[in-house]
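Student: For reference, the chains in residue letters:
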Amino acid sequence: MNIFETLLNGLSMGSTYAMIALGYTMVYGIAKMLNFAHGDVIMVGGYMIFLTMASVGNPILGLAIAVVFCMLLGITIEKVAYKPLRGASPLAVLITAIGVSYLLQSTAQMIFGSAPKMVIVADLGNVMLGSIKLPVYTLVTLGCSFAIMIALSLFVKYTKIGRAMIAVSEDKGAAQLMGINVNGIITITFAIGSALAAFAGFFMLLKSPSLTNTLGAMPGIKAFTAAVIGGIGSIPGAMLGGILMGVVEAISLTIPAIAPYTDAIEFSILIIILLVRPSGILGKKRREKV
Amino acid sequence: MAKALSAIKWKHYVNYVVVAICTVVFGVMSLTGSLSSSSIYMLEKIAIAIMLAVSLSIVVGFLGELSLGHAGFMCVGAYLGGKTSALLEPLLGDVPTLLVSLVVGGLVAALFGVIIGLPALRLRGDYLAIVTLAFGEIVRSFFMNSSDESFGGSLGLNTPRYDKNTLFIIALVLVLGCLAVTQNLIRSKHGRAITSIRDNEIAARATGINVTKYKLMVFTISSFFAGIAGVLYSYSNFTVQSTKFSYNYSIEILVMVVLGGMGSINGSIIAATLITFLDMKLQTILTGNLAVLQDLFYALVLIVLVIYNNAPGLKSFRETYNLKSLLGKFKKGHDPSKVHDDEAKWDRVPTKIKMDEVLSVDLQTNSPYTPDKPGKGDR
Amino acid sequence: MAKTVLKIENLGISFGGLKAVQDLNLEIKEKQLYGLVGPNGAGKTTVFNMITGVYKPTTGKFYLDGEDLTGKSQEAINHKGIARTFQNIRLFNNMTVIRNVLVGLHNQPEFKCGMLSSVLRLPRHFKTEKAMRERAKEILRIVGLEEERNNLSCNLPYGKQRKLEIARALATNPKLLCLDEPAAGMNPNETADLMNIVRHIRDEYNVTILLIEHDMKFVSGLCDEITVLNFGTVLAQGTPEVALNDPEVIKAYIGG
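Chains as they are written, first to last, in numbering that gives the first Met the number 0: chain F, 0 to 289; chain H, 0 to 378; chain Z, 0 to 255.
Simulated from the structure, these hints should not be mistaken for lab results.
No incorrect hints appear here.
Result set (DSS-like, lysine-lysine): computed pairs, CA atoms no more than 27 Å apart in a straight line:
| hint | chain 1 | residue 1 | chain 2 | residue 2 |
| --- | --- | --- | --- | --- |
| 1 | H | Lys10 | Z | Lys129 |
| 2 | Z | Lys111 | H | Lys212 |
| 3 | Z | Lys79 | Z | Lys2 |
Chain F extracted, bound-state conformation (with noise of 0.2 Å):
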């Protein structure tokens, strides 16, 4: 293995964390929640996904029916279970969120059984750069990812909703008497969120076929450690919190001392970084007022 290989395997990986990083930061921006339930969207679009290989084959209509699917499970998620405790104390929602991913989980396991499903949607092959071999697969996330993350920057900054976004996640009230829909732009939210998520799912199974029900919860805790490592809120900050947990993780896997411990390792940089900043790396506190 050489140091450009695991830094490109880091990047790769990283960049899939990132992507569902931003789903949850984005939600939590604006719903201000935890939406626990994040990561086994990522799974559920693996499932559609492995639908549409198994009944037609093509891996970018998958992708395509996955991502419109994770959509509408998103926002229904929102209005069935996060909407009507709108107001209520976060501790509340948070273990409203934990019930949904048990259910989603329990609902996966009980449709598709315990068994793991193998999902090949594409085989890539490798590509030699000089001496080195390269997994093409890595290159596509990494590419597809950030020109995702790109636009989804350019979104938010330059048009009327990602204008809107902004002023909801900074004042819900205020941003209402402006005349700005809040439900709407908390749907437009989990929708984008879902979406992501379901892309994660598709380069997830490009890098390993196997599929199960809890395909996304270590993925989703990892990449919601990274949206907080980042500064949970923060669209950058769980860009680099996403790229910071991937390269950690890859290094860490290739020395075989450490390798078993990679979770450890990574969930240990949480503590150590919100102990140094309480808000994360881009995060921002604000003053409670008194």
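Based on these hints, arrange chains H and Z on the given structure of chain F.
Tutor: Leaving out everything else, chains H and Z in the frame of chain F:
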């Protein structure tokens, strides 16, 4: 004497009495051999679950901090207590070994409680929740990757099984001890101080409550009992495996606390008993792929219950149709406006963290901040 | 000459470039009723936040009974003898009225009761608990909330919540009691009642009182001396008649 007896608020001691009666009744049944081994196993599990739920409820229900790593403390107790008992069993005999391992498991878990309590002083709300979750996973990964000689690695640690006819009695007696400590603590001036931190941390500080001390204290006590529960777990099983203590298990404990009602110890006891009972019963009925129905059921119950209890839109519905007013119809002198003092109403518990406090898009670095502006914010 | 309770020297704080308060000098004598007035955003609450330890001042120092308390934690400052109420009421909402006051009594040396005594339910626990309740009732009587002591504090009307905050602060046995807009949201009757209560507290408990208030009738009827702040700086200091008639002050309030 009669006066002293009538002065005691019996309502406060109902749960001790119930647990004590259960201990005696089942103890006699077990010693006379009329209790099946599956019931004994279930009683052990129920005792462990009660201890976990009660110890978590001090953190979540009374201090108002969310901990998602309770299984981590239990894990520490199970592994260290189990290791101690495995080492000492041949040397000391049953009872001294049990005592020593309980103390070791409890104290080491309590030490970890202090370590986790320290970030709790700086972090709040969701941030603390994710740190406790991370802690649980770190602990688990440490034990999973330990060498075979030390903690058994991925195969798990082999532990001696205590005489099963008496273990559950010991467990229930420990539950009584745990109840005594937590309830007496909560129903004292110290408990008042702890709940004041939950209700309004800034006001608590301004009133001179030593927030640091009480937060650390609560985390220490809570993890101590989780550790004890872990030691009991190691005794009731032949092996301790790290996979058991994943964050799913922490959430299962949290569900017990939530379903029981936040800030209600009796509720936690009832919920822990019911969930464990249902778990074990359903496990025998639902096999194979049907087993997932159970998870589905829990998930649905959790969502429906939390929404019912907390949705602002359902407030009037909740006030007309609830257990208390239904029961109240049969109870004389019931006044629905009187609320039990210890119980926290979720919609009233402040969020600890004002979510927008941490948003990055909030403020430019150098934007002026006017702290004195009235009319905005929580007025 | 009465002795000085609170002395503030050149106190100042800035938030990212904005100087919220600068060069504040104050001296409050024992048993004085001192007012802090000024338009919105003048930095009055910020002064309270500094002398109760919520914010750390950027410059200057303050002394209570000659002891430098600058930079101490909120708890420590409260233990030394400064108690406060909040502009936006911060009660322990899930607790009954009397419990709110009991929390205030928590650190009083005569109600000391270790954790072990509480957990083991030693006689000391019951004795302290009883004594604490008696004292709490006494304090509630002063602010006129004795009858409501078993209600949940969040169910009290606004004016009574403010009084409860005063009772809770008083329970910590302060030398200096800081009241942040105690009369806000009260009707004239309640305000008059509150004036009597504040005077009564000062005489009965020998506390010095520093208060922020917008109601000028309340301030001039109650305070011995006032300081007028605007944009974080002192406009005028002195008796209410003198300070409120200062041309600078009139300009600040009316504009122009």
